[in-house]
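Colleague: Heads up: the protein sequence lines correspond to chains S and B, in order. Under the working numbering, the first residue of the first sequence is numbered 1, with each subsequent residue one higher. Under the working numbering, the first residue of the second sequence is numbered 1, with each subsequent residue one higher.
Treat the hints as calculated values from the structure; they're not laboratory data. Treat the hints with caution; some may be incorrect.
Non-contacting residues of chain S with respect to chain B, defined by C-beta distances greater than 12 Å in every case (computed) [unchecked claim]:
#, residue
1, 29
2, 269
3, 276
To be clear about the criterion: a stretch of chain B counts as covered by chain S if any three or more of its residues have a C-beta under 8 Å from a C-beta of chain S, and this derived list gives those stretches [as the list claims (entries may be wrong)]:
#, region
4, 45–54
5, 71–79
6, 246–257
Where is the CB? At the ideal position from N, CA and C, for every residue including glycine.
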Amino acid sequence: MNPLQRLRAVTPEATKTHCPYCAFQCGMEMTVRDRKGHDIEVTADEAFPVNRGQMCIKGLTSAALLEHPARIRTPMLREQDGRLAPVTWETALDFVAERLRSLRATYGPASVGAFGSGALTNEKAYLLGKFVRVVLRSPNVDYNGRYCMSSAAAGQNRAFGIDRGLPFPVSDIAKTGTLMLWGSNCAETMPPITQWIFEQKSAGGHLIVVDPRRTDTARIASLHLQLTPGTDLALANGLLHLAIEQKLIDEDYVARRTEGFDDLRRSVLTSDPARIERLTGVPIEQQVRAVRLLAESESSMILSGRGPEQQSKGSDTVLALINLMLALGKVGKPASGYGCLTGQGNGQGGREHGQKADQLPGYRLIEDPDDRRAIAAVWGIEPDELPGKGKSAYELLDSCGPQGGIRGLLVFGSNVVVSSPHASNVERRIRDLELLVVCDSFQNETTEAAHVILPVAQWAEEEGTMTNLEGRVILRQRVRPPPPGCKTDLAILCELAHRLGVSRGFQFESAQDVFDELRAATAGGRADYSGITYEKIRLEQGVFWPCPSAGHPGTPRLFADTFAHPGGRARFHAVPYRPAEEVPDTEYPLYFTTGRYKEHYNSGAQTRLVQALVDVRPEPRVQIHPRLAGKLGVAEGEGLVVQSRRGAVCFLAQISTDIRADTLFAPFHWGGRMAANLLTIPALDPVSGMPEFKVCAVRARAAGPAHQNATIA
Amino acid sequence: MIKKKLAIVGNGMGTCRLLDELVLREGTRRYEITVFGEERGGAYNRILLSRVLGGDSPDSIVTKTPEWYDRHGIRLIHTAKVTRLDTVRKSVLTEDGQSRRYDVVVLATGSQPLAPPIDGMFGSDGDLRSGVFVYRTIADCLRMRERARPREGAVVIGGGLLGLEAAKVLADRGLHVTVVQVAATLMNTQLDALGGEMLARQIAHHGIFVRTGKTVEGLYGDEANERVSGVFLDDGATLPADMVVLACGVRPRVEVAKASGLPVNKGVVVNDTLATEVPGVYAFGECAEHDGKTYGVVAPVWEQATVLAEVLTGKQRQARYRGSKLYTRLKVAGVDVASMGSLEPELDSDQVVQVIEERRNAYRKLIIRDGRLMGAMLVGNTAATATLVQMFDRGDPMPEEPLDILCSKPPSSDPAECVVCTCNKVTAAALRQAIAAGASSVDALSVATKAGTGCGSCKGELAQLVTLYAKKTEPLPLAVAN
Chain S
1 MNPLQRLRAV TPEATKTHCP YCAFQCGMEM TVRDRKGHDI EVTADEAFPV
51 NRGQMCIKGL TSAALLEHPA RIRTPMLREQ DGRLAPVTWE TALDFVAERL
101 RSLRATYGPA SVGAFGSGAL TNEKAYLLGK FVRVVLRSPN VDYNGRYCMS
151 SAAAGQNRAF GIDRGLPFPV SDIAKTGTLM LWGSNCAETM PPITQWIFEQ
201 KSAGGHLIVV DPRRTDTARI ASLHLQLTPG TDLALANGLL HLAIEQKLID
251 EDYVARRTEG FDDLRRSVLT SDPARIERLT GVPIEQQVRA VRLLAESESS
301 MILSGRGPEQ QSKGSDTVLA LINLMLALGK VGKPASGYGC LTGQGNGQGG
351 REHGQKADQL PGYRLIEDPD DRRAIAAVWG IEPDELPGKG KSAYELLDSC
401 GPQGGIRGLL VFGSNVVVSS PHASNVERRI RDLELLVVCD SFQNETTEAA
451 HVILPVAQWA EEEGTMTNLE GRVILRQRVR PPPPGCKTDL AILCELAHRL
501 GVSRGFQFES AQDVFDELRA ATAGGRADYS GITYEKIRLE QGVFWPCPSA
551 GHPGTPRLFA DTFAHPGGRA RFHAVPYRPA EEVPDTEYPL YFTTGRYKEH
601 YNSGAQTRLV QALVDVRPEP RVQIHPRLAG KLGVAEGEGL VVQSRRGAVC
651 FLAQISTDIR ADTLFAPFHW GGRMAANLLT IPALDPVSGM PEFKVCAVRA
701 RAAGPAHQNA TIA
Chain B
1 MIKKKLAIVG NGMGTCRLLD ELVLREGTRR YEITVFGEER GGAYNRILLS
51 RVLGGDSPDS IVTKTPEWYD RHGIRLIHTA KVTRLDTVRK SVLTEDGQSR
101 RYDVVVLATG SQPLAPPIDG MFGSDGDLRS GVFVYRTIAD CLRMRERARP
151 REGAVVIGGG LLGLEAAKVL ADRGLHVTVV QVAATLMNTQ LDALGGEMLA
201 RQIAHHGIFV RTGKTVEGLY GDEANERVSG VFLDDGATLP ADMVVLACGV
251 RPRVEVAKAS GLPVNKGVVV NDTLATEVPG VYAFGECAEH DGKTYGVVAP
301 VWEQATVLAE VLTGKQRQAR YRGSKLYTRL KVAGVDVASM GSLEPELDSD
351 QVVQVIEERR NAYRKLIIRD GRLMGAMLVG NTAATATLVQ MFDRGDPMPE
401 EPLDILCSKP PSSDPAECVV CTCNKVTAAA LRQAIAAGAS SVDALSVATK
451 AGTGCGSCKG ELAQLVTLYA KKTEPLPLAV AN
């Protein structure tokens, strides 16, 4: 037997876990190939029913992050001279606790807060919310999920009385007659989902894509509506107007299962196709084809992405999409309805368990007296001791510093300087903090301003549950222990709680212990996890919430019989069109919109460290139509200075007919001078707090050969 | 805070929009609003009247029910007509002798149909003769509907947007319809002669008869001489008709303004804030004249409503109305017209592009000044409308070769151009080429094109392509996604 064969013979079993990135949460198998736990092989899990053995390049290369040379392996404290110095955990945590205590004493409890992440497990999201409310006694906790699915969440809650990204398993996509992907470029942002779409198309289904760009997703569509940025709401209302005009409304369904149609019907009377064509740029013929396909297919669904959601009218736009599918009688029918393709790994669970400013675990509302009582009982405090509603993500960051009143902030798993709109403002604000603590595995643009960096375990080094885009609760299993010097977020929260004098309720042996408390806290709530156990997840390839008892099978499909509002009916909402906060004018004559590359994830804090990904996509490029490029005198690969009222970035140009001639596009995965979010506008949706990442006004000029990739301040 | 009294005279589409804009800006907290309307049952969307004429219920086009006004604390008075404003005492006088105080008043009295002086048009009672209709209100549509019977004759006087729309609905109901147009061509305010001619040919294809350059000289009646039974044309022809529809345009309704002593030209004269020269009195919509222009389509009226709401609520003190860009779209089954801006070049340097497709009855014309679109008309082929109207609205620069705009297809998917493997950007066309060159299995295809070697999510698609296009003698791939 040669050595290689012997090695194979003792190969340890693969550990089943899930990808560290997006909400699709591909099942992956990780196999440790050496004794040190450094050589780890990643393959896609053939048995997991969501990705069925497929995985994108991000997941396949993810193990590179575990032994990455840039990984932080010891707590760091910023010295007087501004340099970061390694310190012991004892020193770091004592320092943080002491600073938190003194800030609270001087400025009051609301002066400290936390910013969480859709990358955190349910257990972490739960404990972070509890920590801020019970230990810090502050209302100020929110998370980057606000930038992700908050508009879809707000829309679904108002229409259905419940918010679960998809009301059905992804496998239902393959069974639908007409699939409309609205502002989602899922072929690039979650590639393994396309297997379900190809299956749907092969079965004779239609695919409609709504996007200002002809993306890879739009290319596989039979109908592409290439609308003007920021006009999704107008188009959705227009399609409903057409559906009414063409007598496509399911009147029986509307009468039996909904309320409020009369007001809605009247409000869309002014959305006639000619007006909508003028506003959106979508020809009348295409509007008609789209609505007929949706209405006349036996089953049809609209799945929205960040396109319509990341607008200052995102929640209204989601409501308009839901209005349409309700009026066509599709919601709750097999392989039909509305769904949101959630972005972040645990964007779903993250919003259910209390790290959102207005929520408590189990999707309870912090302003509802019954919900407060229920959670206070689990936490062993009086309902009055629970703080009220805090600030939403951007508002929270914008309040940092003496003016806004937030003096100390703990950041978990989020690179806020890159991912927030009007990034330069956020950077200024967090530099005004008296205490910024960042818990992360790597230094990034946000840690540059941190007073303390606490190195944390990565996804493969700890246990915990995630809730994927379907509402399926899944289990991440530990593949190897964290490197010496790194702690889990859960341990950090508990140790800080102890130092701040709260021991009761912060003594957990394991993530599973936290999950057990979470189960109890969600019992009777809208997102009820009380019947879910780690064991059940392992046995059943995940469990769909709500799952209110041990014997309950979970709920893969919602709305077949009833909606979650009292009375069981879905609610229509009249949502008149309004323009984006900023539209092109003579000074700034172009639209600017942002999005993703397949090779990178969110702020790029992880993926920009993976050489295989950087090799394919080393830098952001601004997509520009050849006609506009000709006018501006910029050629492929040359610098183009894009400027908004908030900042300017010099991108290299990528010339393509895939984009509208009135629009520029750039990805937001880079920080510093290449940050697309230096340009974006911090206009917020009044209901969801979602910033308007998807549309602002810019002007552009050729940089000339001397200014490649230089910022013009 | 004591609310000011805001009176709005008129309850048409303009008022409807103004109320929405006021509510949006919390204007009902600042004002106690009273609306004087003439028709019962709230406000409706006039541009959808053809639905009612076509058989839908009147309620189907009602945008605001009386209940809506109640809900927003807005008083709706439709029992007494407004006669005039007393601008000294600041009150609205109605024909029942009442007078109601206002702090601010808005005239939105709209327009009324033009009734040309034609012999025999009126009955002995001075009203329109039985069988003669104007096409303006829900009530008009209901009366027309009652009269319209299949196979009977109808004459529509007026070949503009409204006349053609009415003609189409009546033809769809099975009537024999003739459109009589004074001007030499149809839709002559929106189309040049050639465009109007192309449109006439398209209309004719839909079974509607068109007589242009003709005037109706008189109407004649049945034996009792009550009901109309036909029309005389100026060329001596007679057209039997069981109904006659007047669609000869509109003029601003200015009686109230005149009786109130407000400056009136074609319409009630207003400035950029929609104010008349009398303090506290505003006017907008089809009754108003701004910068020498009155408008008869809805988009400018809505733009005015938005500005007026800003002015009245003080939300944006700088809000000004600077005039509107004109755009018209006619879209009735099979007849497709779009028109924007100028019909003809005005300067020698204006560039004109015309595309005439005689056999398809299609016509497209662009007028360009200094690289920007001044005007465009499209008849029969309106695919480029969406792009053009946005360029027109924003004043975007045109491409150096304007024909590019007309030629650019609406983006649709070319299956060959479809990227199948997104990791390696391999298109369907490239894969078929590779199959033709001998790659007869998924693995061979992956070797030849790199497709499927990234995330692998396209393997099912690759297998299908192989199944479809590989020579049948070759072995079939194992994995086929269904």
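Colleague: Next, verify each hint and record whether it holds.
Modeller: Status of the hints after comparison with the structure:
1. No beta-carbon of chain B comes within 12 Å of the beta-carbon of residue 29 of chain S; the shortest separation is about 15 Å.
2. Remark: the non-interface label on residue 269 of chain S conflicts with the geometry, its nearest Cβ contact in chain B lying 5 Å away (cut-off 12 Å).
3. With a closest Cβ-Cβ approach of about 10 Å to chain B, residue 276 of chain S is found to fall inside the 12 Å limit, against its non-interface label.
4. Coverage of the region 45–54 of chain B by chain S holds in this model, with 4 residues showing a Cβ closer than 8 Å to a Cβ of that chain against a need of three.
5. For the region 71–79 of chain B, the assignment as covered by chain S is violated, since 0 residues bring a beta-carbon within under 8 Å of that chain's beta-carbons and 3 are needed.
6. With a cut-off of 8 Å between beta carbons, the region 246–257 of chain B has 0 residues touching chain S; three or more are needed, and the interface restraint is violated.
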